[in-house]
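Colleague: Sequence:
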Amino acid sequence: MPQRPAKPLTPDQVLDKMAKYCAYQERCVKDVKDKLKTYDIPQASKDEILDYLLDNRFVNDERFARSFVRGKVNQSGWGVNKIRFHLMQKGIDKDVIDEAFGQTDEEVYKQKLIDILKAKSKTVKAETDFERKRKLAAFAMQKGFEGALVWEVLKEF
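First residue of the sequence shown: 7, per the numbering used here; consecutive thereafter.
No lab work stands behind these hints, which were simulated from the structure alone.
What you were told as hints is all true, and nothing was included just to trick you.
Estimated spans, in silico, between C-beta atoms of each pair:
no.	residue 1	residue 2	range
1	S82	P14	32 to 40 angstroms
2	A29	T110	19 to 27 angstroms
3	K26	Q49	15 to 23 angstroms
4	K128	E54	53 to 61 angstroms
5	Q109	E133	41 to 49 angstroms
6	E137	Q117	22 to 30 angstroms
7	G108	S82	16 to 24 angstroms
8	Q81	K161	23 to 31 angstroms
9	D111	P17	39 to 47 angstroms
Treat the numbers as computed from the prediction; the structure is a model and nothing was measured.
We treat Cβ as the ideally placed atom computed from N, Cα and C, and that holds for glycine.
Using the sequences plus the hints, can you model the full thing?
Modeller: If you want it as structure tokens, here you go:
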């Protein structure tokens, strides 16, 4: 049986859906704009919806950046370089990114790198200590950690 086309949504229905979209998880302005593009409503209505979401703090790039940095460091084990790249892809301003990183505890960040390297060192196959450290460094830098910090930590291994 063929599917019937979905009933078009009114701008008020789209606003309700977008409010729920933003309330479910922290979003940035780019994510909200991209989602709004999927709805078949006039551009003026999309602009009004975005303005409403911004004015009522449903969406906030500063809050998104802080949450993103915290989550990627603590949960995903990403380094500064990888996080910064992804935030720039989301259209987050450089100053906002810098401020979000300013709230990161450097000791927690360094400890996360140490934990990642310890876990990885158990599975790295290498014939020499230098080769093992080189492989660990490549792994950590691929996760976005800064080279200088990686080598500083690897000196202690």
